[in-house]
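Q: Can you make the complete structure from the sequences, with help from the hints?
Quick mapping for you: the protein sequence lines, in order, are chains B and L. Anchor point for the first sequence: position 241 equals 247 in this note's numbering, and the numbering is continuous, going up by one each time. Anchor point for the second sequence: position 141 equals 147 in this note's numbering, and the numbering is continuous, going up by one each time.
If a hint is listed, it holds; no wrong ones were tucked in.
Covered stretches of chain L, as calculated for chain B (at least 3 residues, CB under 8 Å):
#, segment
1, 150 to 160
2, 182 to 188
One-sided excerpt, in silico: chain L residues whose CB lies under 8 Å from chain B:
#, residue
3, Q123
4, L169
5, I171
6, V179
7, L356
In case anyone wonders, no lab produced these hints; they're calculated from the structure. No residue lacks a Cβ here, since even glycine has one placed at the ideal position from N, Cα and C.
Number of protein chains: 2
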Amino acid sequence: MQQASHLASYDQEMVPLTDRQRVVLKLIVQEHVQSGRPVGSKGLTERYAIGVSPATIRHEMAELEAAGYVQALHTSGGRVPTDQGYRYFVHHLMEAAELPAVDQIMIRHQFRQVEVQLEHWIELAATVLAETAGNVSVVTAPRPTIPRLRHFELIGLQPKLALLILVTHESLVRQVMIHWPEPVDQPALSRLADALVADVTGLTADEIAARVQAAEGSARFVLSEVMMALRGLETVSQTEVRHSGWQNMLSQPEFGGDDARGMLDLLRGGAFLNAVLPQIASVSGVQVFIGDENPADELRRFGIVVSTYGVDGEVTGLLGVVGPTRMAYGRSISSVRYMARLMSDLMADLYSA
Amino acid sequence: MQQASHLASYDQEMVPLTDRQRVVLKLIVQEHVQSGRPVGSKGLTERYAIGVSPATIRHEMAELEAAGYVQALHTSGGRVPTDQGYRYFVHHLMEAAELPAVDQIMIRHQFRQVEVQLEHWIELAATVLAETAGNVSVVTAPRPTIPRLRHFELIGLQPKLALLILVTHESLVRQVMIHWPEPVDQPALSRLADALVADVTGLTADEIAARVQAAEGSARFVLSEVMMALRGLETVSQTEVRHSGWQNMLSQPEFGGDDARGMLDLLRGGAFLNAVLPQIASVSGVQVFIGDENPADELRRFGIVVSTYGVDGEVTGLLGVVGPTRMAYGRSISSVRYMARLMSDLMADLYSA
DNA sequence: GTTAGCACTCCGGGGCTGAGAGTGCTAACG
DNA sequence: CGTTAGCACTCTCAGCCCCGGAGTGCTAAC
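A: Structure (structure tokens):
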């Protein structure tokens with residue numbers, strides 16, 4: 007409840023619901039999320055000891071339907087929450103639970119097991135998230151708002167081929183190969199790097215661009231490569247997105263065959279990121295997109311729970327889960343929030359220089 | 007046909023087949039691979055103008071069945087190739103076609119588009135392979151037979167945290183974070199690296215281990231980290247395996263739901279690699295494992311086409327496709343062979359120092 | 001050796017049916 | 001007035017039957 011503040015994107019409670027209607031809606035959502043089938047009045051009264059008869063529940067359901075919170079797929083066969091119903095549930099009806107302590111401990115344990123390396127953290131985050139949320143997870147590498155160079159090195163691989171390794175102020179590492187116009191040996195490369203590195207540490211790609219103009223010869227060549235490599239860090243590339251856990255998605259009844267493929271294509275292709283990322287990057291905290299609320303049309307049958315993570319003003323990454331609209335939002339939100347905090351802490355440790 | 011030499015792992019043609027039987031077997035395999043359904047005598051004579059009547063085909067089929075090449079799932083409903091039948095097809099009946107020129111050109115084009123970087127090549131190889139072979143692809147990073155150090159650098163991230171970057175003789179790069187027992191600054195790190203690097207270039211992890219014993223203080227500390235990092239390159243880790251293209255697998259009728267999950271777990275967990283890799287690493291060229299021929303039990307319903315790639319004696323990686331036993335082996339073999347050659351060429355360019 | 005004919009088998013899809021679950025409406029009850 | 005019991009109706013789903021299509025083995029004839 008108390009998280010309504012940063013979850014509610016908009017809040018159109020046109021018809022104020024009675025307390026009992028809220029209870030019924032809550033039960034419908036919970037029941038349907040769990041079973042996947044439409045839920046009827048009789049079933050509800052049987053499973054939950056509400057003090058009233060099925061007939062009364064039917065009345066309430068009819069009103070909920072009129073107000074647009076639930077929907078009857080067929081003349082008979084019970085009700086299913088609408089997107090609006092899910093939204094109301096998430097914003098007003100759901101307890102914002104912490105991730106159970108057991109899970110927290112287990113997760114921390116797993117992170118301690120793994121090598122201290124960004125790549126591994128991201129991979130692990132994706133796996134863990136998929137598991138605890140029971141959905142498909144997506145994690146992007148953290149990316150500096152505006153990367154600043156800390157250091158670079160040149161390592162010769164072949165007479166005319168060298169490896170440029172650069173480290174940003176935010177401890178991100180990037181390596182690119184450079185084709186040299188003429189043969190150079192390692193000592194020459196080292197001298198070159200040593201001579202130039204002091205000049206450009208702490209600068210952004212744009213600032214280095216200015217130095218490139220001023221420089222000449224091989225210095226100019228190296229600097230321009232450094233600049234381009236640094237610039238490459240400003241954009242998220244596809245390979246830097248990890249996802250995990252579509253086994254979970256495949257086992258959902260509603261995504262038997264083709265839908266799973268669509269989902270997959272969505273994640274592989276950048277469509278997902280391109281659509282969601284801009285919307286989310288600015289807002290901090292956990293955000294929830296349900297059904298038609300989603301930025302991309304292909305996502306209209308899905309629910310998304312995402313959060314940014316990272317160190318404020320330094321680096322930010324994105325992490326979240328994607329599932330059918332009929333998903334356990336409570337668990338997903340807990341998981342995403344916890345993972346975001348954990349990853350942020352890890353980043354902070356790394357950057358607190 | 008001419009490739010029987012390096013494809014045939016064993017070759018038990020107990021009952022010599024007549025020419026016509028070979029034709030029938032070939033057609034059965036082709037037809038079944040394409041349609042996925044059992045193939046009957048009548049259908050064959052209708053689709054392919056063989057000079058004989060269905061009855062004759064039935065005779066031949068009966069003999070093929072007796073010899074164990076095909077199998078009737080139900081009393082009626084046509085025949086399906088057995089594992090043995092597929093093997094015979096692959097070893098004796100299949101034309102070893104080159105990958106069509108169009109595909110070759112397209113693939114080369116894609117590789118030119120991408121940055122000159124090992125990571126990207128592997129990723130691309132997986133994607134391309136999955137696409138051209140129409141199956142799930144698996145590509146492992148190349149890994150030196152015994153890695154030798156070429157160069158390393160130390161870059162300070164925080165007072166007590168540094169990044170160790172090492173490059174092997176085979177141009178593989180590895181970065182690990184090192185927790186320092188006491189604060190050090192960048193100049194000190196650079197001096198340390200410069201002082202030590204000459205001593206250990208060209209050495210293997212084992213050889214460096216000896217130097218560690220001899221060294222003292224921070225030199226000893228650094229060298230032991232270098233050694234461990236180098237050793238880390240000797241084993242394939244899970245994260246260095248790319249796979250792609252299970253959309254293809256999902257659309258296969260025989261892997262509707264649960265099987266797809268099993269398949270997936272297989273690839274994620276190292277089971278696949280652990281089982282297949284040892285078997286294959288020693289043999290060069292394309293290898294085919296069909297059904298029960300597979301090293302791992304879980305793979306008994308699959309076919310695998312794999313090849314090593316890399317530079318002989320320097321680095322080797324693995325690349326291949328996994329599909330249902332009923333897969334288009336011809337296309338897969340062409341694709342795998344071509345990709346292995348291409349990747350090998352790329353590696354060779356990189357290592358021809 | 002090949003083929004036509006025949007009787008038989010089996011799968012798969014279409015249509016039917018009955019059980020189960022749910023609904024709205026109405027009338028009665030406190 | 002809110003709540004409830006009863007009722008007639010609707011719709012889904014699983015099981016069943018049935019039939020057509022495809023395939024088979026066998027036998028007899030060419």
